[in-house]
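Chain by chain, the residues run as shown.
Number of protein chains: 2
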Amino acid sequence: MKTYLDCLPCMMNQALRTARIATNDYVKIKLVLDEVGAMIKDIPMHNTPVQSGSIVYRKIRELTGVVDPYKDIKRNSIREALALYPTLIEYMNDSDNKLLTAIRIAITGNVIDFGMNKYFDLEEDLKTILNQDFAIFDFKEFVNKLKKAKSVLYIGDNAGESVFDKILIQAIEKPVTYIVRGIPIINDVTMEDAIESSIGEIAELISSGSRAPGTILDFCNEDFVRRFNEADMIISKGQGNYEGLSNVSRSVFFLLKAKCKIIANDLGVKENDIILKGINQ
Amino acid sequence: MKTYLDCLPCMMNQALRTARIATNDYVKIKLVLDEVGAMIKDIPMHNTPVQSGSIVYRKIRELTGVVDPYKDIKRNSIREALALYPTLIEYMNDSDNKLLTAIRIAITGNVIDFGMNKYFDLEEDLKTILNQDFAIFDFKEFVNKLKKAKSVLYIGDNAGESVFDKILIQAIEKPVTYIVRGIPIINDVTMEDAIESSIGEIAELISSGSRAPGTILDFCNEDFVRRFNEADMIISKGQGNYEGLSNVSRSVFFLLKAKCKIIANDLGVKENDIILKGINQ
Numbered sequence: 001m002k003t004y005l006d007c008l009p010c011m012m013n014q015a016l017r018t019a020r021i022a023t024n025d026y027v028k029i030k031l032v033l034d035e036v037g038a039m040i041k042d043i044p045m046h047n048t049p050v051q052s053g054s055i056v057y058r059k060i061r062e063l064t065g066v067v068d069p070y071k072d073i074k075r076n077s078i079r080e081a082l083a084l085y086p087t088l089i090e091y092m093n094d095s096d097n098k099l100l101t102a103i104r105i106a107i108t109g110n111v112i113d114f115g116m117n118k119y120f121d122l123e124e125d126l127k128t129i130l131n132q133d134f135a136i137f138d139f140k141e142f143v144n145k146l147k148k149a150k151s152v153l154y155i156g157d158n159a160g161e162s163v164f165d166k167i168l169i170q171a172i173e174k175p176v177t178y179i180v181r182g183i184p185i186i187n188d189v190t191m192e193d194a195i196e197s198s199i200g201e202i203a204e205l206i207s208s209g210s211r212a213p214g215t216i217l218d219f220c221n222e223d224f225v226r227r228f229n230e231a232d233m234i235i236s237k238g239q240g241n242y243e244g245l246s247n248v249s250r251s252v253f254f255l256l257k258a259k260c261k262i263i264a265n266d267l268g269v270k271e272n273d274i275i276l277k278g279i280n281q
Numbered sequence: 001m002k003t004y005l006d007c008l009p010c011m012m013n014q015a016l017r018t019a020r021i022a023t024n025d026y027v028k029i030k031l032v033l034d035e036v037g038a039m040i041k042d043i044p045m046h047n048t049p050v051q052s053g054s055i056v057y058r059k060i061r062e063l064t065g066v067v068d069p070y071k072d073i074k075r076n077s078i079r080e081a082l083a084l085y086p087t088l089i090e091y092m093n094d095s096d097n098k099l100l101t102a103i104r105i106a107i108t109g110n111v112i113d114f115g116m117n118k119y120f121d122l123e124e125d126l127k128t129i130l131n132q133d134f135a136i137f138d139f140k141e142f143v144n145k146l147k148k149a150k151s152v153l154y155i156g157d158n159a160g161e162s163v164f165d166k167i168l169i170q171a172i173e174k175p176v177t178y179i180v181r182g183i184p185i186i187n188d189v190t191m192e193d194a195i196e197s198s199i200g201e202i203a204e205l206i207s208s209g210s211r212a213p214g215t216i217l218d219f220c221n222e223d224f225v226r227r228f229n230e231a232d233m234i235i236s237k238g239q240g241n242y243e244g245l246s247n248v249s250r251s252v253f254f255l256l257k258a259k260c261k262i263i264a265n266d267l268g269v270k271e272n273d274i275i276l277k278g279i280n281q
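Chains X and U supply the protein sequences, listed in that same order.
According to the numbering used here, the first sequence holds residues 1 to 281 in order.
According to the numbering used here, the second sequence holds residues 1 to 281 in order.
Honestly, the hints are just simulated from the structure, not real lab data.
It is possible that some hints are incorrect.
Since the list gives no way to pick out one identical chain from another, each pair is judged satisfied if it fits inside one copy or across any two copies.
As the list claims (entries may be wrong) - Restricting the straight-line Cα-Cα distance to at most 30 angstroms, the calculated cross-link-like pairs of lysine-lysine (DSSO-like) are:
1) K145 x K71
2) K118 x K270
3) K118 x K261
4) K261 x K147
5) K270 x K30
6) K270 x K28
7) K174 x K98
8) K98 x K145
9) K41 x K59
10) K59 x K28
11) K41 x K261
Just so you know, these numbers come straight off a predicted model, no measurement behind them.
All chains should be built: construct the whole structure from the sequences, respecting the hints.
Here you go:
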């Protein structure tokens, strides 16, 4: 997915939000906006938005000196999600179709996204998404692929969402490799976050090496790219991974909530729709 | 009111929205974002947001070559408001307190604001605002001032809103001078718009000479500034005029809906609150 014009003001909004989380120093926050504003003209529009985003967030790190501004927010998200975990397990076990319910739960976790300017309430969102119609629903293909797969590569998105992913990983009932980002970026899930989410108990944890808030193969490490190319089945969570992987030639199942108009348009759905989309089946 | 950090990404959003209305040419729209982004660092934060806004909108005019991108939108707003006019008159005449109802009607018109990224529905908004509590309600002071005033200076805000202003001008029952902007800027009311709104039938029409989407005395013409300094009573509509006049030393009554968080914070109210605020009484 390319960068749209609407992504540019959005980057300014993200820059302001993140700079404020990183520091209380007005001068530094203003400098972030000045510098990100001046960078707009140099952003290649054929890049994916996450690639452009990685440049913006790198600039914020440089200017504020704060490497992981969302650290505390991520801790809280994981803690909140872990507290919900027994309820999530119950929801899955009480349902007629455990795999489908686990997919819905995993998509619910995708609301924990601090790259977006959206309010969320995990318990409310869970109730909504458990009963929401899918705008794209390639479930049959998902089940078929899963049946034949010996193992699954599962590309995580956000910290806290990772706990919701754990439910789906359990429902999959196959060996899973769970992929995390290479550095802290926004509230995306890192190795430390995945361990704290106790995913290590049920899946192999691997870093893609990505320094962007999504997965762009050209910028991932060799080990991940090899695994990506060889995987029996790939599950990709969230917007950032969709942005980076929507044009790859491998079979991928995207699970996400379309949290902005631009992603929704690109997918041909409406904002806030939920998606289970398989490509290259 | 000074420019807040949040105003800067908002300017990028406004630039994108306006450039798209002005032209379909992707290259020109991108250029607008590039140039406005690069201007961010030069925006003096002690300026009022409307002063900064006037620089941004001037840049958009230069780059797109379109002097009045909102021309058709303004025509439509006025037409829609004129169609509602008989209903508005009825609402006023059927109410127990005509002046207060006319004030509520005039505030309803303030939703017609294309500087904001807000959806509005005139008839729905009218029903809401006719029954909404005021967050600031200096009505007693307004009535007292009006009783003593021989005439009233009424600073208009948007085209279409102008038709709603006509109701309040009638309820005032004193000679009124209605102030319009000096040039087309966003969908703000100009001389042509005021005439089309048929305000000329019941009020004297005067241009402030303002080239900003609000009223900044330093940039208005002498005639207006003199009238402003000598007026028995001043009514100021909308956010742009509030931004420019909130710190003047004259008595002013601000009538507006707080359509963004920044204005709401500045006023000490919540977003979407309605305001009748008198200063320097």
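* Asked: Failing hints, ascending?
  -> 1 and 4
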